[in-house]
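Protein chains: 2
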Amino acid sequence: MELTLDGDVVRAGYEARERFYDSRGYGKVRNGDIDLAPVEAAHLLYRGDIESIDGMDFRAFLGSAAVSEVDFAVYKDLRDRGFYLTPAREGWVDDAAGTDFVVYPRGKGPWDNEVAYRIRVVGERDTVDAADLGACVLAVVDEESEVTYLDTDRRDVAGTSDAVVPATEGELLAERVVCWEPPAELYEQAFYGQRLDDDGAIQLSLVEAAYLAREGLLSVDGGAEAVVERGREVEGDRFDRRLAVYAALRASGVAPKTGFKFGADFRTYAEVESAENLGHSELLVRVLPAGHQFEPRDLALDVRLAHGVRKTMVFALTADGGDGSGHSGDSDGDDIEWVAVERLTP
Amino acid sequence: MELTLDGDVVRAGYEARERFYDSRGYGKVRNGDIDLAPVEAAHLLYRGDIESIDGMDFRAFLGSAAVSEVDFAVYKDLRDRGFYLTPAREGWVDDAAGTDFVVYPRGKGPWDNEVAYRIRVVGERDTVDAADLGACVLAVVDEESEVTYLDTDRRDVAGTSDAVVPATEGELLAERVVCWEPPAELYEQAFYGQRLDDDGAIQLSLVEAAYLAREGLLSVDGGAEAVVERGREVEGDRFDRRLAVYAALRASGVAPKTGFKFGADFRTYAEVESAENLGHSELLVRVLPAGHQFEPRDLALDVRLAHGVRKTMVFALTADGGDGSGHSGDSDGDDIEWVAVERLTP
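Listed in order, the protein sequences are those of chains A and H. For reference, each letter of the first sequence is one residue, going 6 to 351 in the numbering used here. For reference, each letter of the second sequence is one residue, going 6 to 351 in the numbering used here.
Bound conformation, chain A alone (with noise of 0.2 Å):
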């Protein structure tokens, strides 16, 4: 059988559209023959159903610049998983941008019109924009040619805790605020800050403060300006997007606590009836600005992380270059994206 490597496809005949394509679905069929990927004639070369391509046998091919070794690595994973999947180049698929590989359910083929999954090949080296996440697979080639699946996915966050409490006196302290005579509310239905003692003062952290006494339930000597500067002194920028985030979660109706445990920014409690009787946490959340870049390795920490916990790990994105004044404006979670990024077994 012959194939022909004519720029960056594989050309081939009939027979050979009859055998991988109709029957495997390899390729795009092109007035009754099929090119193939080189992706996808690497993969038949490796599994010696043809032999060569312009003489090149699978050790040539793999080794020359027609095929990329990561792409190759999850190609093969998908197939050995039982999955029939085409390479994401225009005019082969729909919405071929962003993706590398369309796959099909298990049974299904590029002749039926489903989709299983949308996947997007990166190497352990290269780097993620937190902003090209959501509606794709990240397949993850690590140095060992191991493939991790990664699911990313736009969502909102949503929960039904919503307790009301009433105003309440707080004193700044270094990087807390101490409410001395609390109602018994803010700690016990709401859930705001950690008993000082068994039965008195509650202690805030800052981003708690700065929140209540923003929404006009917490009076402070300098008001929430002087908790917000407190706040930018000891943690920049990163306060201003805490904050935002904070207040998003809160005005979803999901009360957050920190994430500190886990490495995250916050844990989240969609459900809160009592501090007494809080069931689990579902979410871990961290904070990013839109504009960052992961590593693919600190994707793989996090997500593998939250998944040992039981919790979802979502990258609250916060829109860049604000004035930091961090007013009104930027409490209603409007310019907030939520990406959850779970691992996936395909």
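Heads up, none of these hints are tricks.
Repeated chains share a single entry, so a pair holds when one copy, or any two copies, can fit it.
Restricting the straight-line Cα-Cα distance to at most 25 Å, the calculated cross-link-like pairs of lysine-lysine (DSS-like) are:
(1) K81 x K266
(2) K266 x K316
(3) K33 x K113
In short, the hints are calculated from the structure, not lab data.
For this one, chain A is given, so just place chain H on it according to the hints.
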């Protein structure tokens, strides 16, 4: 009872000594009276054992510059857990440097000669010098005043994974090396690389290949330097650090494999008999320059993840300012410091 703040010491008399030092381990005896550190005095105020210091009640004293909220959170937490402890001031305890509190075993106190933990207090927003880790317990106070204890320990790494492998040939591709006809021992006994298919070629990571080439066990066009050059192209200086640590691990009888799925540089196997029968990997290794400064949150993330997968987190600190040549002298591992960090519940 009269107590007076005198600089950074609270002075108290004989009665206070009897009540607080003799029976409960607060303070430092001085001429039959006692001196209390402000954090100790704050705790006595908090408990209601004393009412005021220079007219300040607990609230006023905690709000003053005399006592740090972060120190207080840790002091209180350890007292709540049933420990006696002493602020690590010069003249109060031995080896005060680098320590904030000396904690005695439960049931023991400052009059005994035993130490359970040497605690260093860190706020969530402080940075921690990698060089300062080892032989101390970090008590990290997060923004909600919860305390996370991280035990740090300088240690050696050792194992019995030292299978001998015959030399072989490899082909350098973009970011890996393929051995098309490797000796069986390469993967099966010594656990280098991954199988490209079930019974033939082995693909090596660049760090594995560079190590094997330097050891004279792998021939590749351009020699070891070609592989190292490629590594530097795709990873920068980090490649040299990782290679030095890889070599040191192998020299210690430990087989390193990628730690990517855990967000680390390597996971390690101390007793590889065969790739088919590997057992559990014991360590996760993150490679860092010796001058690294940790964010406590990143430490918490690494240590939590390692704990969740029943491994120990080890930071491999490589000497700074090497000439980057990475030649033989670098491979003996003498200039690498290993710091294990584990969660601790005192």
